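Respectively, the protein sequence lines represent chains A and B. In terms of our numbering, the first sequence is residues 1 to 137. In terms of our numbering, the second sequence is residues 1 to 82.
Everything labelled a hint here was simulated from the structure, so no lab data went into it. Nothing here was measured: the structure is a model prediction, and the numbers come from that model. Wrong hints could be hidden among the right ones.
To be verified - Covered stretches of chain A (chain B as the covering partner; in silico rule of three or more C-beta atoms under 8 Å from a C-beta of chain B):
#1 41-52
#2 81-94
#3 106-120
#4 124-137
Each residue gets a CB set at the ideal place from its N, CA and C atoms; glycine is no exception.
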Amino acid sequence: MVEPFVITTEPLDPAPLVAVVQTPDDGAVVTFSGVVRNHFGGRPTAFLVYEAYTEMAVPVLRQIADEARERWPIGKVCVHHRVGRLEIGETAVLVVVAAPHRDAAFAAAAYIMDRIKEIAPIWKQEHWADGAAEWRE
Amino acid sequence: MITVTVRFFAGHRDIVGKATAQYTLAEGATVGQLWEQLVVEYPRLAGYTGRLLFAVNQQFGQPTTVLVDGDEVAFIPPVSGG
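Chain A extracted, bound-state conformation (with noise of 0.2 Å):
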């Protein structure tokens, strides 16, 4: 059972997720996954750590997929975000959304990350490659 709003420590994969929400109706699968990158602003990173409030990011994260739902034709949603320490490479959120046509999985899922940083009770640790660490805020 793949519940649809998720904040875990586990790592995330993609596959069960696309099954979820795929159905008969859906001819497009859009998978955005948000990855730890090795830099930001130019300044090596070693690793994040991310923290959740996750009693209300889930509900938060749900609140997000029914404002994409208004704005266009899409079908089921699966929103999944890591919490805790994450390597450079390792996926940090999941963002999947089934839709009859592709052009509305796309700009659901864009719009769903997009509402997620600006929203969503999430915060990125920055641990720098030479020691120092900092929110993102």
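Using the hints provided, position chain B relative to the given structure of chain A.
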């Protein structure tokens, strides 16, 4: 008097030094008044005034939101998920 629980996250928790705290407030106290009280107690929080989000019982609120006994209040520093 009312008692509320305050949750601190990320940069706020680093400043305050704890993840949760209980505050006893006057009846009718608002989220904004509680924030002002926290800024007095922890002056380094002042830099967040005007660029934070408020939540009461896991729902977004406003500085004018009136608190009641037992509420869980969260002051949400600028988010950076994704």
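Evaluated hints:
1. Only when three residues or more bring their CB closer than 8 Å to a CB of chain B does the claim for the segment 41-52 of chain A stand; here the count is 3, and the claim holds.
2. With a threshold of 8 Å between beta carbons, the proposed coverage of the segment 81-94 of chain A by chain B holds, since 3 of its residues qualify and at least three are required.
3. Counting residues of the segment 106-120 of chain A whose beta carbon lies closer than 8 Å to any beta carbon of chain B gives 6, which reaches the threshold of three, so the coverage claim holds.
4. With a threshold of 8 Å between beta carbons, the proposed coverage of the segment 124-137 of chain A by chain B holds, since 5 of its residues qualify and at least three are required.
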